[in-house]
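Letter by letter, the chains look like this.
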Amino acid sequence: MGVEEAPSGFLLTTIEDLAGYLRKASVWPVTFGLACCAIEMMAAGASRFDLSRFGMEVFRASPRQADLMIVAGRVSQKMAPVVRQVYDQMSEPKWVLSMGVCASSGGMFNNYAIVQGVDHVIPVDIYLPGCPPRPEMLINAILGLHDQIQNAPLGVNRIEAARAAEAAAMEATPTFEMKGLLR
Amino acid sequence: MSERQASEYQPLRPQPGPIGEMFAPVAGFGVTLSSMFKPTVTEQYPREKVPTQRRFHGRHQLNRYADGLEKCIGCELCAWACPADAIYVEGASNAALPQNAGLDVNADDSHGAHMSPGERYGSVYQINYLRCIFCGLCIEACPTRALTMTNDFELAGKTRAGMIYEKQDLLAPLSEGMLAAPHPMVEGTTDTDYYSGDVLGPTAAQVDWVREQRPDDPTLDAAEAVVSGKAPAPTQRQHELRPDEGPGAAEKSAGAAAVGSVRSDAGVDPAETIDASGAHTGAHLTGGSRGTEVNA
Numbered sequence: 014m015g016v017e018e019a020p021s022g023f024l025l026t027t028i029e030d031l032a033g034y035l036r037k038a039s040v041w042p043v044t045f046g047l048a049c050c051a052i053e054m055m056a057a058g059a060s061r062f063d064l065s066r067f068g069m070e071v072f073r074a075s076p077r078q079a080d081l082m083i084v085a086g087r088v089s090q091k092m093a094p095v096v097r098q099v100y101d102q103m104s105e106p107k108w109v110l111s112m113g114v115c116a117s118s119g120g121m122f123n124n125y126a127i128v129q130g131v132d133h134v135i136p137v138d139i140y141l142p143g144c145p146p147r148p149e150m151l152i153n154a155i156l157g158l159h160d161q162i163q164n165a166p167l168g169v170n171r172i173e174a175a176r177a178a179e180a181a182a183m184e185a186t187p188t189f190e191m192k193g194l195l196r
Numbered sequence: 421m422s423e424r425q426a427s428e429y430q431p432l433r434p435q436p437g438p439i440g441e442m443f444a445p446v447a448g449f450g451v452t453l454s455s456m457f458k459p460t461v462t463e464q465y466p467r468e469k470v471p472t473q474r475r476f477h478g479r480h481q482l483n484r485y486a487d488g489l490e491k492c493i494g495c496e497l498c499a500w501a502c503p504a505d506a507i508y509v510e511g512a513s514n515a516a517l518p519q520n521a522g523l524d525v526n527a528d529d530s531h532g533a534h535m536s537p538g539e540r541y542g543s544v545y546q547i548n549y550l551r552c553i554f555c556g557l558c559i560e561a562c563p564t565r566a567l568t569m570t571n572d573f574e575l576a577g578k579t580r581a582g583m584i585y586e587k588q589d590l591l592a593p594l595s596e597g598m599l600a601a602p603h604p605m606v607e608g609t610t611d612t613d614y615y616s617g618d619v620l621g622p623t624a625a626q627v628d629w630v631r632e633q634r635p636d637d638p639t640l641d642a643a644e645a646v647v648s649g650k651a652p653a654p655t656q657r658q659h660e661l662r663p664d665e666g667p668g669a670a671e672k673s674a675g676a677a678a679v680g681s682v683r684s685d686a687g688v689d690p691a692e693t694i695d696a697s698g699a700h701t702g703a704h705l706t707g708g709s710r711g712t713e714v715n716a
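Sequence lines, in order, name chains G and E. To convert, note that position 150 of the first sequence is 163 in our numbering; the numbers rise steadily by one, no gaps. To convert, note that position 38 of the second sequence is 458 in our numbering; the numbers rise steadily by one, no gaps.
Read the hints as simulated data drawn from the structure, not as lab findings. Honestly, I wouldn't trust all of these hints.
Straight-line Cα separation of at most 25 angstroms, DSS-like style, residue types lysine-lysine; simulated pairs [what the hints assert, rightly or not]: (1) G:Lys-107 - G:Lys-91; (2) G:Lys-107 - E:Lys-469; (3) E:Lys-578 - G:Lys-192; (4) E:Lys-578 - E:Lys-469; (5) E:Lys-469 - E:Lys-458.
Chain E extracted, bound-state conformation:
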């Protein structure tokens, strides 16, 4: 029975003729030969970086408002949302900043030194990149859009301690025209005005305050140019891929993310003021642009 079935088997595929049978053993080389004439798919990664998708989840960034104040209010919601317990945040009161020592500043005042608008700011902010799984739940949890993600993915490091990024490593660099924190909020505003995108740049009062407190602050000149209308209002900057720094360049001495340790030299060149109209002092409260953030 089974023998007869086997002899009656007819293949459904067309079978090669006698010439095809002869070349069958070397037919596989045809694949190799034909692929020689196809375009190369290899990406020359370290030399030519193919950009990621725009929403790629890369390293984090702590954003700033247009006047240079930090958006992070130290609420720890990102740390609570983190499934890998990679984030550590400590909040502190703006009124307790050392610049406010001896002054009568209440927590909800807009005058006095501020790191972020409102009552509190994140005094310690650490992300352990050896725990972080780049899921983005922290970004979803952030109520002020302070925490976003960049497309930077070159993160390898030699030590475990070096892979914990402190606040100064995560903060967005100050753009041209932003005034380095701490300084007072824009006069007459509340934190709600900041959240709704009504603050478009530093004001004269803020520049005067910083000039009095820190006369040699490198961001003063650019901020003054914005106030006087010589330069356009600052826009958000983000960390870029670090093509020149090799792997492990993120290694740094572990410095405490204390109040004064915010990087003020982050690529701000005071001499590089752009001569353009717009962004007058009165324009700070005109509403409109909600700021551009990565991975919005």
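This is chain G alone, in the form it adopts within the complex:
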């Protein structure tokens, strides 16, 4: 029996708080630099910005030991299945940060070679604009993700939240059908 199988109620919410606190303090990113944003991601991990202040200094080379996927750079059509495979290989719980405009929406590369947003392929938890975003912007987005992780539901609450998200996603317009500035 894991912590996620506690019955709903007071006990579970307490565990949720504790687990969220512990999880957000040791988010390990998977090494996934695709383009120039990866340079800023490396800078964020180096001594001037020092992601290890948030327990994130180990960029894991293996997706199985990683919790966070920072998609840093433009995702080409050829890379899209690889992104998905690496995401699938990560063990739950896992989060995705879409770093930079190219990963978030295709950015200035509105052409047939680039996936118009990595959310066509994997679910994104937080979007970060910028071309490339400076390391402070990345840290800002990571802190926003920490808030989400802290408040993430567990156990039955998590199943309910997942069902609600699934239902909302089925109702929503698919990303590839979006028009105007959302395309």
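Following the hints, put chain E in place on chain G, whose structure we already have.
This is chain E only, laid out in the frame that chain G set:
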């Protein structure tokens, strides 16, 4: 041949003596040890924000003239200049504002309600921050210096729709003494007078017009203080880094950037009038200051 050459090789670097040879395997620790006594370079980002360079390309801002009218004339040049197609603009005629309904107002009149001086204003203004690459070409294209960039860079958000900033998110907050648009232009001026920086604050006629149309407008008192000379002429304000709002605070319900939806509560406290001399009504057309803008 090659053996003899190898035996004759003499290194140009000075070689360590016998004691140096002994410590060679642990010499690398010297780097670690010496760095313990060097100053820390780490920036404590979320707690201590190191300011950016003054010309850092951050989020955009739509500026206002000193009397509160918007500088954007809806010409779409920024949208055309944008290499990433991140900007969407719709222009509309000032004469077609709902406040002018039933009145005989021509497009080039200075009376009647105006959102911006001249004929047209930007009725819809959207920037998609998931496309924008902060290159600044829109700033170069803007003919009225309506669009400038601030140093604010904390832009992360949870949804794609939330990352499209509407006009009310981009407009500069009204400074103390500015009168919320729409209202008429300063009497007897043309849009050229506005462009050349000759309008330095709201006038009595504008305040009267707004008092008649919107008696409970929160910017009225401060603007009246400027008109009567009790407060100095308003200066340009800009968005600041948002230290108190966490990431994702930019999320908002997508509201149409219609005429009436301009934020009038943007930090203007009518009670906070500064008692100072200057900026009399007659001073509005004296020329001089061209306004201070970010990243000019």
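Which numbered hints fail | When the structure is compared with the hints, only number 2 turns out to be violated.
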